[in-house]
Amino acid sequence: MEPVLRVEGPEVVLRVPAEGIRADWLARPLAELGLPAGPVPRVLRVEVPPAWRWSSIDAAFLSELARRLDSGSGAPELRGLPKELQSLLELSAEGPAGATGTRVERAPDIRARAGTLAIAAAADVRAFVALLGEVALLLPRAFALRARIRGADMLQLFADCGHRALPIVAVVNVLMGGILAFVGAVELQDFGAGIYVANLVGVASVRELTPILNAIVLAGRTGANFAATLATMQGNEEVDALTTFGVPAVEFLVLPRVLALSLLMPLTFLYGCAFALAGGMLVGTPILGLSATAYAIQTQGAIGGANFAIGGVKALVFGAVVALIGCHQGLRASRSAAGVGVATTTAVVRSIIAVIALDAVFAVCAHALRI
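In this note's numbering, each residue carries its 1-based index in the sequence shown increased by 321.
What the hints contain is simulated information worked out from the structure, not anything from laboratory work.
Since we're looking at a predicted model, the values are computed, not measured.
For each residue, glycine too, the CB sits at the ideal point set by N, CA and C.
One or more hints might be untrue.
[Unchecked claim] So the derived label-pair ranges between C-beta atoms look like this:
no., residue 1, residue 2, range
1, Glu559, Ala465, 20 to 30 Å
2, Ile431, Gln407, 15 to 25 Å
3, Ser655, Ala465, 35 to 45 Å
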């Protein structure tokens, strides 16, 4: 075959024939292509025919030729190629070591990854605290009815956080009350203390389980909705548009959601308590052989106002936290469809963790105050 490689001064010249580069050249030694033995220059110049249109075979051959001409100090400089083909070859040269001789950066070790995660977590906490502070400073404006909140939006939020969540709250609390009554009856009957099932169901429901269960249900339903809505608005640049028009996003989007869920959570708590106590009565009275009146009187004497107060405060705090976490994740979501899913999932997970952690704090405080 006619030689296609030659050395001209400080350059190796590749002359591409009119029919283009053949695929069998990839397996041929360079000597058969016309390159003499010995040291070769560090510049590869390509001479192409007029109106040459390169193909994948041309790119593969040039990449293989550059690899063969590499003397260990890096790939040779390429000249005379179209810009897009040269960029493609430079990109292919950034492969793993052993293919082109390029250096592969080592993955960060566990300490670097832990440090990166810690820095990201600290930044996320700072952003959440800043959001909490902004909402707290806006509360006086909201109570004075001077905040930038539309009445139609508040009504829609009250509907989403209120009556539309009532069926699932009722089902969850009835089942929880029934389970508590069944377990308590099985255990306490052996000691002749079956009547105290009413105490168990009443105190556990009002003080602990109903606020937690309601918060978890609304975290998966309403908190996730907040995160998805704000993440979608972030991706559609609606939040940026509000800021451009001088409308604070926190006041217009976050504050009404926090107010709606915080105000309705105590009402949802009372609603859930009624169903939890009813569930306990429906299961406990047949097993224990008690009348509904005796069960209700025992429950009334066991609960007391302090337990309702603690449960109501928990519901209020849990509602605010769930709303804040959902809005925080929505506003910090990436501007993509995947970002909406990540924000929604993260909001639900973090809300549940925050609710359980706050309940532990409430338990420690109540114990210290002997309530």
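Okay, the hints, checked on the actual structure:
A hinted range of 20 to 30 Å holds for the C-beta pair Glu559 and Ala465, which are about 27 Å apart. Look at Ile431 against Gln407: about 39 Å separates their beta carbons, and that is not inside 15 to 25 Å. At roughly 36 Å, the beta-carbon separation of Ser655 and Ala465 lies within the given 35 to 45 Å, and the hint holds.
The structure fails hint 2 only (numbered hints given earlier).
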